[in-house]
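Student: Listed below, chain by chain, are the residues.
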Amino acid sequence: EDQVTQSPEALRLQEGESSSLNCSYTVSGLRGLFWYRQDPGKGPEFLFTLYSAGEEKEKERLKATLTKKESFLHITAPKPEDSATYLCAVRGGAQKLVFGQGTRLTINP
Amino acid sequence: NAGVTQTPKFQVLKTGQSMTLQCAQDMNHEYMSWYRQDPGMGLRLIHYSVGAGITDQGEVPNGYNVSRSTTEDFPLRLLSAAPSQTSVYFCASLTGAGGNTIYFGEGSWLTVV
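Here the protein sequences line up with chains A and B, keeping their order. If you're matching positions, the first sequence starts at 1 in my numbering and goes up one per residue. If you're matching positions, the second sequence starts at 110 in my numbering and goes up one per residue.
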């Protein structure tokens, strides 16, 4: 059974304080690991897709990395506008997309 | 190119009523799925489809039915609404095995009283 576990559930940081969010997964035949951000009352917004261990992608203050068991979303010098819920999802051999429960990130000015 | 169109955006139902949430995509995506999102939680998979005529259950399928008669449409039916089905529902689509972006509908806020 494909499973995704995100940690921590919630994280509060001061502006400029770098940190990482974790996404641990078990899947049969990984076909993609996805990171999305979601603001309250809105749909998820695409950030990254990773396909194989060792792959890394960057976008502004965010960097996603992937190993065979987990992915990290590194946030460098965050700003208050980075506050959101960050969602991780995996797609396995059965092609279904399974999401984790998300990490609620709050950046205090 | 409209992407994923999901309707209605808001709906209030009485317990026991039935309704259908509509989802349509114009990108010729093979994969479509329905999720529900409860407060403070991630997206839980209800049903999914990997192509026309093919559907399968996700994590929380009870109380919901789906069908996939065409590539474009993937409606979600609530057979007899219950207060526990009060939630936000998202439809999503993705191209085939190599798809790199999940496209979401705007969400449907459903309240069952």
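Since the hints were made in silico from the structure, they are not lab data. For each residue, glycine too, the CB sits at the ideal point set by N, CA and C. You may find that some hints are simply not true.
If you want a taste of the chain A side facing chain B, the calculated C-beta under 7 Å gives, among others [what the hints assert, rightly or not]:
hint : residue
1    : T26
2    : S28
3    : G43
4    : P44
5    : F46
6    : L47
7    : T49
8    : F72
9    : A84
10   : G92
11   : K96
12   : F99
Heads up, simulated BS3-like pairs for lysine-lysine below, C-alpha to C-alpha not over 27 Å straight-line [claimed, not checked]:
hint : chain 1 : residue 1 : chain 2 : residue 2
13   : A       : K57       : A       : K68
14   : A       : K42       : A       : K63
15   : A       : K68       : A       : K42
16   : B       : K118      : A       : K59
17   : A       : K68       : A       : K79
18   : A       : K42       : B       : K123
Student: Hint by hint, where does the structure go against what was stated? Just the numbers, ascending.
Tutor: 1, 2, 6, 8, 9, 10, 15, 16 and 17
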